[in-house]
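J.: Put together the whole structure using the sequences plus the hints.
As a plain string of letters, each chain reads:
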Amino acid sequence: MLTHSPLSRRVALSAPAAMLFAPRVLRAQSPVEITVHYAQPFIYKEAYDALLAAFTRREPNIKVNYVTTPNYEEGAQLILRQAATNQLPDLSYQGFNRLRVFAERGIAQDLMPLLKAEAADPARIGYTPNLLALAHFGGFQSGLAFAASNPVTYYNADLVRRAGGDPENFPRDWNGVLELAGKIDRLGDGVEGMWFTWSGDDWMFSSLLFGHGGRMLTEDERDVGFAGPEGLGALRLLDRMVKEGGMPNLSAAAARQAFTAGKLGMIFQTTALVRGMVAGAGNNFTLRTTGMPVIDADKGRLPTGGAAGMLTAKDPAKRDAAWKFLRFSTGAEGQALMVKNTGYLPCNQIAIDDPQYLGEFYRENPLFMAAVKQIPVSIPWYAFPGTNSVRVTQTMVDNMARIVEQRATPEEVQRDMAAEVRRLLPRRS
Amino acid sequence: MSASLAAPLPRRGTGEALAGWMLTAPAAIAYGLMLLLPTLATIALAFTDYELGAPAFAWIGLENFGELLSDRGFAIALRNTILYVGIVAPLSVLGGLGLALLIESGTRGRSFFRAVFFLPVVSLPVAMAAAWQYLLHPTIGPLNAALRGIGIDGPAWLSSSDTVLISLAAIGIWENMGFNLVLFLAGLTAIPRELYAAAEVDGAAGGWERFRLVTWPLLGPTTLFVVTITMTRAVRVFDSVAVLTQGGPNKASQVLLYAMYEEGFTYFRLGYSAAITLVFLAIVLALVWLQTKVLEKRVHYA
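Just so you know, the sequences run in chain order A and B. Here the first sequence is numbered in my numbering, starting from 16 and rising by one per residue. Here the second sequence is numbered in my numbering, starting from 1304 and rising by one per residue.
No wet-lab data here; the hints were simulated from the structure. No false leads were mixed into what you were given.
Computed list of lysine-lysine pairs in DSBU-like fashion (alpha-carbon distance at most 35 Å, straight line):
1. A:K278 to A:K388
2. A:K278 to B:K1554
3. A:K198 to A:K278
4. A:K329 to A:K78
5. A:K258 to A:K198
6. A:K198 to B:K1554
7. A:K329 to A:K131
8. B:K1554 to A:K258
9. A:K60 to B:K1554
10. A:K258 to A:K388
11. A:K131 to A:K78
12. A:K78 to A:K60
Cβ-to-Cβ under 10 Å is the rule here; a few derived chain B residues that face chain A:
13. A1433
14. Y1437
15. H1440
16. T1442
17. R1451
18. K1554
19. F1571
Between beta-carbon pairs, the in silico distance windows are:
20. B:A1434 to A:N380: 28 to 34 Å
21. B:A1434 to A:R438: 36 to 42 Å
22. A:P46 to B:V1419: 54 to 60 Å
23. A:T100 to B:A1330: 25 to 31 Å
24. A:A294 to B:R1513: 56 to 62 Å
25. B:A1433 to A:R201: 28 to 34 Å
26. B:L1427 to A:I140: 43 to 49 Å
Quick reminder that beta carbons are idealized off the backbone N, C-alpha and C, glycines included.
T.: Spelled out as structure tokens, the structure:
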């Protein structure tokens, strides 16, 4: 998907030149004020406040004003609305799966020239091809990944032990996991075996699909990619979770409550919730995390959730200032601040590799390590093309509900889901 | 003399009209800006393919409405909304009436019970929805725990497509009943005591006879108002769906306003969303018209 274009000579020559002039530009800079938008303050507020404090020390001439929205959905609405009335903020942090909409509607800007101006090889300053791919939509670098997450397994070590399992050796594949979940489910007393976060959006379904080595759409994005054996395998797993794992029909919120109350053996969801789960579980039981059960050790991949910053400023001075903030927030130092204050994964290779940034944090917070270990098999969250991008995900969730309620077989659901999604793909001649 | 008297009259008339216009101006301007213009804009939008953030839009005539006819999601939303209103309106009107009669005839704790049943009306719907989510929780909720106590395995109230609409309707009844109760109480106190005495003299001794002959006919205007307002409130159901079920599972609790919200603000199709809004508007207007024109004839105004 991501093409690595060889370094052009002009860019290679301009990079040192830009560095040469940089100090003079800095000195001449007059105070500038920028507006930065981010969503989900209940998760991110501490991180952004820490970033702002550190950034202001470094760039006293740039004043940053935050605008927040309660969630990503309203964040996307805000930007689309303000794009229509020409009141855009200068920088906005959006969910990975919404970035494509902004890229296709001409709101996001290509960040590659700015990165290249700083480092001929962006990997040198921590932006490796894998990390850049997370926010590469619409054919260009529409954003820079700011916070990443992948799905992990949370389990109640006490229930695992009561059901005869070994919390230190949690099963590594679905056969073992489903067997253990079934045993926990049979403990009775209102205890349920497991819950997989299939509702809400297609993110967790894609972990089953990517786990089989499958893809959402074909390479050319003209047809669905889940109509084959990988898609059927993913849906059959969902069916087995209900039949063998004793997965109850719960909403995501209800399942989290049941888990933190100690009434659910295991729950499969984003690592971004580790903080909340630790707080919710308290002293009720021993909470553990581990990676997702492995489906295909070679081809299997996992989707990456999270947010990326996209540049929307048009005024050159503001654009320059907003870029500085984006670079700082996604640089090694900014990423260390973000991780410590949220629990998301870092999106800068230097912050990942160099122990001076996060080594101590991960030693003290081992529950976050499950997701870190999965970084090598993580690929971008797939966003569907065209105007029905978000509706497609709802169509898939609606169809999966039929399996969870045991009203349709995986084969029937796969057929209907493929037909309905095909209708929603952009028509091309 | 008469001519000199008559002359200033028209001028005073225009002056009065002007003063009248000036006095109504604030309300008229507010009405125009806050209600009329947005409604007109919505009507216009319904005939376009406008999408949030799109640089341009085109007039597509009745295409949005044509799509509504073949949209499975919209058909389900419409059916669910009608079912929801069909359950919530009669039960919360009858429940409100029954409670009002009980409280009215009771001798002690009137204001206490009035306050208790009115509480749901003044509480924040979103916060209450969160409380309901806990009460109806399939595994750790008090309701299913109580059911387990008597040996019944309770259903997953809000996440099973069999029970989700009934659960939401029960919450809707709980929300509306207190409001209806207070309206009925006001209606009951307005009934003159002498009529009951007269009815007794005429031989209507039983409670049911008195209700049938005096209370029910005289409550007519109140009942009409309560029915109208309950139905429009029920058609508007949104908060509980948005917080508790998001229309799921598999659209089992999809309702009109949530479908409108999803189309407009999740899928960004404002034109199509406006078309759904117009359908909603037509239903509300039809309800109001039906009730004022048809039912008013049968209502006995004392």
